[in-house]
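K.L.:
This is what each chain is made of:
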Amino acid sequence: MSAPARHPAAGAGGLELRGVSKSFGAIEVLKNIDLDIRPGEFVVFVGPSGCGKSTLLRTIAGLEEVSEGEIAIGGRDVTDVDPSRRGIAMVLQSYALYPHMTVAENMGFGLRMAGRPKAEVARDVGAAAEILHLQLLLDRKPGQLSGGQRQRVAIGRAIVRDPQVFLFDEPLSNLDAELRVEMRIEISKLHRRLGNTMIYVTHDQTEAMTLADRIVVLRAGRVEQVGSPAMLYDDPDNLFVAGFIGSPKMNVLDARLEGASLILGASRLPAPALGTRADPRLDVKLGIRPEHLRPARENEPGLPFTVDFAEFLGGTTYLYGQCGPDLSLVVEAGRGPVPAAGTSLAIAPATRPTCASSTPRAGG
Amino acid sequence: MSAITGQALAARPAVSPRRSRRRRRDLAGLLYVAPALALVLFVLPLGMTVWMSLHNWPLLGLPRWIGLANYKALWNDKAFWRSLGFTAHYTLFATIGLLGTGLALALFAQGTGRVVALYRTAFFLPVVIGFASASLLWAWLANVDSGLFPALFEALGLTSGRVNILATFDPAFWSVTVMVVWKMAGFYMVILMSGLQAIPADYTEAARIDGASALQRFRHITLPLIRRPFALALVLCVSGSMLAFDQFYIILAGGPQNQTVTAVYWIFNTSFVSFRLGYGAALSMVLLVILVALSVVQMWLLRDKEEAR
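Protein sequences, first through last, are from chains L and R. Taking this note's numbering, I'd label the letters of the first sequence as residues 1 to 364. Taking this note's numbering, I'd label the letters of the second sequence as residues 1001 to 1309.
Hints are not guaranteed to be accurate.
[What the hints assert, rightly or not] Examples of chain R residues lying across from chain L (beta carbon under 10 Å, computed): (1) Leu1196; (2) Pro1200; (3) Ala1201; (4) Asp1202; (5) Thr1204; (6) Glu1205; (7) Ala1207; (8) Ile1209; (9) Ala1212; (10) Ser1213; (11) Arg1217; (12) Ile1221; (13) Arg1227.
Honestly, the hints are just simulated from the structure, not real lab data. Virtual Cβ for every residue (Gly too), placed ideally from N, Cα, C.
So that you can see chain L by itself, here it is in the shape it has in the complex (with noise of 0.2 Å):
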C-alpha cells in the first residue's frame, strides 16, 4: 500500500498505472506496465492480437483486477474500485447496446440505475443526443439502427456518465472502411469539443496515428515504446515499433559498417552519423522508410533495383522489389509512369535513412 498523495498525474482526469502486472492462471498477459497520461491526453494503446492491449484498458476500467500493481485516476487510487466509481466510461467493441431499451433508455440506463430524476437523466440524455445528432433516434431500438448510429450511441451512452476518462475498446472495427474514417474524424472532434482524456485501444496504426496525442505500442505485455506519433514513425526505438508503425512497413536491411561506409550487398554508402559507435567494423540493422527512397534520375548513380509488384495508389505508387539476393524493398515512386514488373532500375535515397540500430555481430 502506498499513499496516494504521491501522483505526478494528479490532475481531473490523469491517469498514473504502477508497476501492474495482470495474470490469467500460469499466463502473464500485463507485465510490470509503467504509465502516465496526463489530463485531456488523448492515449492509443496499439499492438497485435494478443499483445495485451484490451486487457490492460479493462484492468483501466475496472473489468478485470489487476494482480499486481497499482492505478490511480485522477489522483485517486482506484486499484480495488468498483468500475462505476472511477469516473470512467467505455465504448465496447461490439457497442453492447441494450437490445430491449430504446436510445435514450440506452443512453440514460446509468443515470436512472443511480436514482437520479426523470427530468434530469432526459436533460442529460438529450444534450449527449445534441453532441452526437442522435436527437431524431431516441425512440429507436438498437436493432433499428445502422453501424454508424450504434456507435455513436454507444459514445453517447458514454457521454451520458459525464466521466473523467473515456475508454475506446477498437470500436471501430465493426464498421466499414468508408464509415470508419468518418467515425474517426468524429471522435477526434469530440475530443477537441470535450477535453477529457480519452484512452483508445486499436490494432489498427493508422487510426493510432491519427487520432493520438501520444501512442503507447505494447508487445506481448510489455509496454515497446510511448511518444507522439511523429516521434514513434521518426525515431522509433526498437525494431518491433519501427515495424509496426508506418505503412506499408519500413524496409529493415541487414548491413555493414566499416568506418564511414556502410556496405549494403554489394554496394557501399556514405554512412549516417551515429550516436554511439563502438566498434568501426559493426553489423547493424538498417531501416529506410519507403518515402526515404525514390528511383534514380537518367545518370544518378544508386542501387540497381528490379520491380516486383507495383502498387498504384493516386498521388504515389509504392514499388516492391529485389535489390540484390535476400534484399527485398519497397520504394515510394511519385507520380509517373507505373514500372512493369521485372522493369530494372535503380534507386537513390530521399534522405538520410531514418534508423539505424546495431545487431551483436554473428559468431562473437
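Given chain L, put chain R in place with the hints provided.
P.N.:
Only chain R this time, still in chain L's reference frame:
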C-alpha cells in the same frame, strides 16, 4: 455453380430464385413431417375425441349419438369444475416453485468449471426419473409408519409426535408440490440456462460500468433478455401442471377427502372407472380449449414488442 445460378436468373427474371428455393425447401420439410405429426399424433386422436364426445359411449355395447348433451351435462358437473379449480391452484404454486427454483438453479449452475458441472448434472438427474417412479419413491418417503419424512419431522421437533403428512390437505398438497419441484426444476433450469448463456458478457460489463448493482442488472438486463426461453418454460410448465395426474393418483389417490382430484384425474375416473367414455371425451375437449387459451394468453403477454435485432 455460379454459371447455373446465372442461367436460372436469366431464364426466370420474374421470380426471385432464392425465395422460390426457400419455399421449395419449406414444402419438402413439411412433407416429411406431415404424416407423422399432423395425422397420427394429432388430427386423428383429436377427431376421434370430438366424435366420441358427441356420443354416449360405453366401454361395452354400442355408442349412441346424443349431440351436445355431454357438453350440457358438464356445465352442471360440480365435481369437474372443482377438480379444475384444484388444478389451477396446483398449477399456480407448481409454476412459481418450478420456474423460481429453475431460474435460481440456472443462475447458480451457468458458470464453467468442474464443480459447477457436477452440480448441473445433479440438479438435472431427477428429471430422467419417470413420474410414476418418483411418485412411488415419494409416497414411501412420506409413509407415516416406515417413511423418512414423518420420523424426520418428529426428530427435528417440527411436529409433536408422528404425524401423517398425507392425511390433511395442506401438508399433502405441499409434499406433492415439493416432489414435482424436486423432480422437474432441473428441466426448467436447462431451458432458462440456455437463455442465460446466450446473453453476451458485454451487456453485463456495460451495465457494471453504468453502475447497475447485481440486482439491477438481473432485473433490467438479464430478465428481459431471457424472455423468450422464459416464455417457453412458462408455457411448458403451465400446460404440464394443468395436465397433472400421476403424482396425485399415486401418492394421494385423490385424497384426503377427494380434495386433490385434478382435472385429468377426474377425466380418468369418468372414462376408466365409470366407463363413460363419451363424457370423458367431452371433458377432455373442454380442458384442451382451456389449455390453448392459457397458452395463447401467455405467448401474448411475453411477445416480442416490435424488437428488431
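K.L.:
Proline 1200 of chain R was flagged as interface toward chain L. Is the shortest Cβ-Cβ separation under 10 Å?
P.N.:
At 7 Å from the nearest chain L Cβ, proline 1200 of chain R passes the 10 Å test, so the hint holds.
K.L.:
With 10 Å as the cut and Cβ atoms as the points, is serine 1213 of chain R at the interface with chain L?
P.N.:
Constraint on serine 1213 of chain R satisfied, holds at 7 Å.
K.L.:
Less than 10 Å between beta-carbons is the criterion; does alanine 1207 of chain R satisfy it with respect to chain L?
P.N.:
Since chain L brings a Cβ to about 7 Å from alanine 1207 of chain R, closer than 10 Å, the hint holds.
K.L.:
Can the hint on threonine 1204 of chain R be confirmed by a CB-to-CB distance to chain L that is less than 10 Å?
P.N.:
The hint holds - threonine 1204 of chain R has a Cβ within 10 Å of chain L, the shortest such distance being about 9 Å.
K.L.:
Against chain L, with CB atoms and a cut of 10 Å, does the hint on alanine 1201 of chain R hold up?
P.N.:
holds, 9 Å
K.L.:
Return the status of the interface hint for aspartate 1202 of chain R: holds when the least beta-carbon distance to chain L is below 10 Å, violated otherwise.
P.N.:
holds, 4 Å
K.L.:
At a threshold of 10 Å, is the proposed contact between arginine 1227 of chain R and chain L supported by beta-carbon distances?
P.N.:
For arginine 1227 of chain R, the interface hint holds, since the closest Cβ of chain L sits about 8 Å away, which is under 10 Å.
K.L.:
Would you check whether isoleucine 1221 of chain R satisfies its interface hint, that is, whether its CB is within less than 10 Å of any CB in chain L?
P.N.:
Nearest chain L Cβ about 6 Å off; hint holds.
K.L.:
Min Cβ distance, isoleucine 1209 of chain R to chain L: is it shorter than 10 Å?
P.N.:
Hint on isoleucine 1209 of chain R: holds, closest Cβ of chain L at ~5 Å, below 10 Å.
K.L.:
Any CB of chain L closer than 10 Å to the CB of glutamate 1205 of chain R?
P.N.:
holds, 5 Å
K.L.:
Given alanine 1212 of chain R was flagged as interface, is its beta-carbon under 10 Å from a beta-carbon of chain L?
P.N.:
With a minimum Cβ separation of about 4 Å from chain L (threshold 10 Å), the hint on alanine 1212 of chain R holds.
K.L.:
Does leucine 1196 of chain R hold up as a contact with chain L if the rule is Cβ-Cβ below 10 Å?
P.N.:
Hint violated; leucine 1196 of chain R Cβ to chain L Cβ min 15 Å, cut 10 Å.
In summary, the structure is inconsistent with hint 1 from the numbered list given earlier, while agreeing with all the others.
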